[in-house]
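Participant: Here is how the chains run, residue by residue.
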Amino acid sequence: MSEVVARQLQSTSSNIILNNIGGILQVVQSVKTDTQSISGSSAPAYGLSLVTGLSVTISKTSPSSKTLVIVDMRGAGTGSYNRQEWVLMRNGEPCFIGQGQNQVDYQNSAVTNQTTGRFPVNTDATPTNICSTGCWFYDTEIQELQDNITYAVYGGDRNGDSTVFINRNNQGTTASSETVCASSITVLEIA
Amino acid sequence: MSTLKTNKIVSPDGRTLLNSTGSVIQVVSAVKTDVFSTTASTYTAVTGLSASITPNSASNKILVLVDFAAAVSDTHWDRVEWALFRGATQVYLGDASGSAGRATGKIPYSNASVQFRETCVFLDSPATTSSTTYQIYVRDGNADGGTAYINQSRNTNGASGTLSASSIILMEVCG
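Residue numbers (the numbering used here), protein chains in the order written: chain A, 5 to 195; chain B, 118 to 292.
Hints are computed from structural coordinates only; laboratory data are not their basis.
One or more of the hints may lead you astray.
[Claimed, not checked] For lysine to any residue, the following SDA-like pairs were computed, each having C-alpha atoms within a straight-line distance of at most 25 Å: (1) B:Lys122 with B:Thr150; (2) B:Lys125 with A:Gln103; (3) A:Lys70 with B:Thr171; (4) B:Lys122 with A:Asn23; (5) B:Lys122 with A:Thr16; (6) A:Lys70 with B:Ala175.
[What the hints assert, rightly or not] Stretch-level coverage of chain A by chain B, calculated; a stretch enters the list once three of its residues show a Cβ under 8 Å from a Cβ in chain B: (7) 52-59; (8) 122-135; (9) 142-154; (10) 160-170.
Idealized CB from N, CA, C, for every residue including glycine.
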């Protein structure tokens with residue numbers, strides 16, 4: 005294998021075409037095309053459950069590299085006062101959530117409302133809605149990590165009395181009034 | 118023109134700066150600023166929300182990023198869906214399930230004249246070196262007269278109307 009060692013490459017007109025930092029080195033993606041429903045009772049301790057298929061693992065070429073994580077997801081909630089939330093996790097720990105007075109504790113998650121996002125409410129007037137949601141997260145806190153970094157989306161109803169629906173509405177998945185959608189999680193390694 | 122041939126470029130401290138797989142070597146984009154609407158029951162191309170790219174190698178991948186503004190007509194049972202197409206082929210869609218529609222996403226309904234942002238992030242493997250076009254299509258999947266509105270709210274007249282912009286970006290990733 006041939007290899008060039010350089011800090012920077014320039015074109016013959018002196019434009020920088022490769023820099024010491026900032027280049028994209030690797031792109032990995034997982035796509036979820038099936039549907040999933042996560043009820044309050046199925047989410048551990050009224051916390052969150054893995055959205056199956058929306059996880060991806062990357063091994064960086066260098067410990068100093070950063071990652072850009074992009075979640076592109078579709079789903080639905082139910083009633084007005086239900087907390088149908090989702091969280092981006094890195095190696096099983098939340099990595100992109102809001103501040104809160106309480107620590108994230110998935111064994112006692114009724115006390116936390118720290119989240120990455122929340123599915124919009126579906127009301128009686130909008131029972132078949134499916135909404136797009138997602139995030140862009142530039143992860144700079146992984147310099148000690150290099151191999152097998154797993155990013156995953158977890159979802160659920162944080163107050164445990166309803167259901168979160170992924171890639172579908174809250175009515176069903178087979179009738180002609182319904183739609184089955186797709187979602188993805190993408191990670192880019194940045195030098 | 119000079120060309121440097123190598124499989125990898127590393128920094129003096131050993132960090133990879135460019136790989137023969139994974140690096141982005143081309144970006145193209147298109148921005149749509151006008152409005153579009155349709156009541157078609159079959160997938161119909163949204164004019165201007167498309168971009169074409171010619172991969173340098175058949176093993177390279179295309180990262181497709183789409184961000185557009187949308188709304189639907191005032192009938193909440195409409196199944197107004199949108200889809201990503203590569204040429205004439207629908208990609209990045211949900212699994213088959215009974216009589217349900219298969220789409221990338223569905224434009225939500227609201228009883229107010231609002232507008233939603235729809236997004237799409239998909240890493241495709243087109244396996245070609247020919248010019249390849251990616252485009253967003255929309256339809257009212259259950260054909261009951263629902264309307265899809267792109268870059269506008271349901272109403273465009275008066276104080277409740279909104280006009281927006283959308284874009285599609287294609288990145289070629291070395292395979």
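Participant: Provide an ascending list of the numbers of those earlier hints which the structure does not satisfy.
Facilitator: 1, 2, 3, 6, 7, 9 and 10
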